[in-house]
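Q: Sequence:
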Amino acid sequence: MLYQGFHLAMPLPAPERHTFRVSLDCRYLLQIPNPLPARPVLALALHGYGMNAASMLSLAARMMPSSVVLASLEAPNQFFLQLQNPGESPTGYNWGTREHWQSAVAQHHEMVLTVLGDCRARFAVPASRCLLIGFSQPVGLNYRFAATNPDAIGGVIGVCGGVPRDWEEPGRYRPVTAPLLHIARDHDEYYPVDVAAKFADRLRTRARDVEFHMLEGAHRFPSQAGRVVLPWMERIFGASPSR
1 MLYQGFHLAM
11 PLPAPERHTF
21 RVSLDCRYLL
31 QIPNPLPARP
41 VLALALHGYG
51 MNAASMLSLA
61 ARMMPSSVVL
71 ASLEAPNQFF
81 LQLQNPGESP
91 TGYNWGTREH
101 WQSAVAQHHE
111 MVLTVLGDCR
121 ARFAVPASRC
131 LLIGFSQPVG
141 LNYRFAATNP
151 DAIGGVIGVC
161 GGVPRDWEEP
171 GRYRPVTAPL
181 LHIARDHDEY
191 YPVDVAAKFA
201 DRLRTRARDV
211 EFHMLEGAHR
221 FPSQAGRVVL
231 PWMERIFGAS
241 PSR
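Just so we're aligned, residue 1 is where the sequence shown starts under the numbering used here, counting upward by one.
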């Protein structure tokens with residue numbers, strides 16, 4: 001068949017696939033206690049799919065001691081949301097998709113290392129007093145980070161997220177020296193109880209100090225997370241439980 005001089009029956013050659021890197025403007029919010037403690041804890045919080053840095057900063061602050069230097073990192077990928085309530089931000093952010101997951105993991109690690117480096121230098125915080133917090137999508141990414149850069153972090157809190165599928169793969173990751181606190185929900189529509197109940201044992205294949213809690217509720221940031229987080233932070237960092 002001919003169409004305007006082209007033979008449509010002729011098969012097209014397979015396209016070449018190319019990748020390249022460009023600079024990317026990344027953003028984070030920073031909440032500094034007043035007065036600033038002599039030996040503060042630096043907490044870096046990462047939001048879930050469709051959220052933003054401001055919403056995660058608010059959620060994380062509710063469960064943290066008031067003495068913590070709190071940073072909230074915004075994911076690099078933006079998209080338009082279907083708004084449920086007037087006044088909501090029309091833009092949501094996410095940490096990547098499965099199709100390009102290796103690139104997403106590398107980008108996540110680079111962003112976290114950059115923010116930790118900037119804030120550690122500014123506030124003279126050692127890596128042992130740095131805390132990485134994730135809700136939902138970045139939880140597995142944060143566990144990967146702790147098992148790839150064990151000297152960069154002093155603790156990890158995962159809320160309503162999963163353990164990486166390749167977590168137990170031999171030679172894939174390094175031993176995790178940072179204590180891990182995982183908070184699951186008993187009506188989580190993405191991580192059912194029979195799946196989430198195995199997370200503690202899975203995490204212990206690489207980490208010595210794992211604390212696991214199953215709280216009531218669906219896949220939402222738990223309003224009562226502070227009653228679990230504050231004693232854990234006092235144990236790990238000696239942070240005051242006051243808010």
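Hints listed in this document are in silico derivations from the structure and should not be mistaken for laboratory results. Where a beta carbon is used, it is the ideal one built from N, C-alpha and C, also for glycine. Mixed in with the good hints there might be a few duds.
As the list claims (entries may be wrong) - Label pairs and their in silico Cβ distance ranges:
#1 Arg98 x Val22: 15 to 23 Å
#2 Phe79 x Arg21: 20 to 28 Å
#3 Thr114 x Gly238: 47 to 55 Å
#4 Thr205 x Ser89: 33 to 41 Å
#5 Pro126 x Leu12: 54 to 62 Å
#6 Thr148 x Pro126: 14 to 22 Å
#7 Arg98 x Leu29: 25 to 33 Å
#8 Pro170 x Ala106: 20 to 28 Å
#9 Ile32 x Asp201: 35 to 43 Å
#10 Pro11 x Tyr49: 53 to 61 Å
#11 Leu29 x Ala124: 27 to 35 Å
#12 Thr177 x Gln78: 29 to 37 Å
Q: Next step is simple, just say for each hint if it's right about the structure.
A: Going down the list of hints, with the structure as the test:
1. Arg98 x Val22: 15 to 23 Å: This hint holds: roughly 22 Å between Cβ atoms.
2. Phe79 x Arg21: 20 to 28 Å: holds, 21 Å
3. Thr114 x Gly238: 47 to 55 Å: violated, 27 Å
4. Thr205 x Ser89: 33 to 41 Å: At 39 Å between Cβs, range holds.
5. Pro126 x Leu12: 54 to 62 Å: With Cβ atoms ~57 Å apart, the hint holds.
6. Thr148 x Pro126: 14 to 22 Å: Since the Cβ atoms of Thr148 and Pro126 sit about 19 Å apart, the hinted range of 14 to 22 Å holds.
7. Arg98 x Leu29: 25 to 33 Å: holds, 28 Å
8. Pro170 x Ala106: 20 to 28 Å: Given about 21 Å between the Cβ atoms, the range holds.
9. Ile32 x Asp201: 35 to 43 Å: Between Ile32 and Asp201, where Cβ atoms are some 38 Å apart, the hint holds.
10. Pro11 x Tyr49: 53 to 61 Å: Given range 53 to 61 Å: violated, Cβ gap about 39 Å.
11. Leu29 x Ala124: 27 to 35 Å: violated, 21 Å
12. Thr177 x Gln78: 29 to 37 Å: holds, 34 Å
Against the hints set out earlier in the document, violations occur for numbers 3, 10 and 11.
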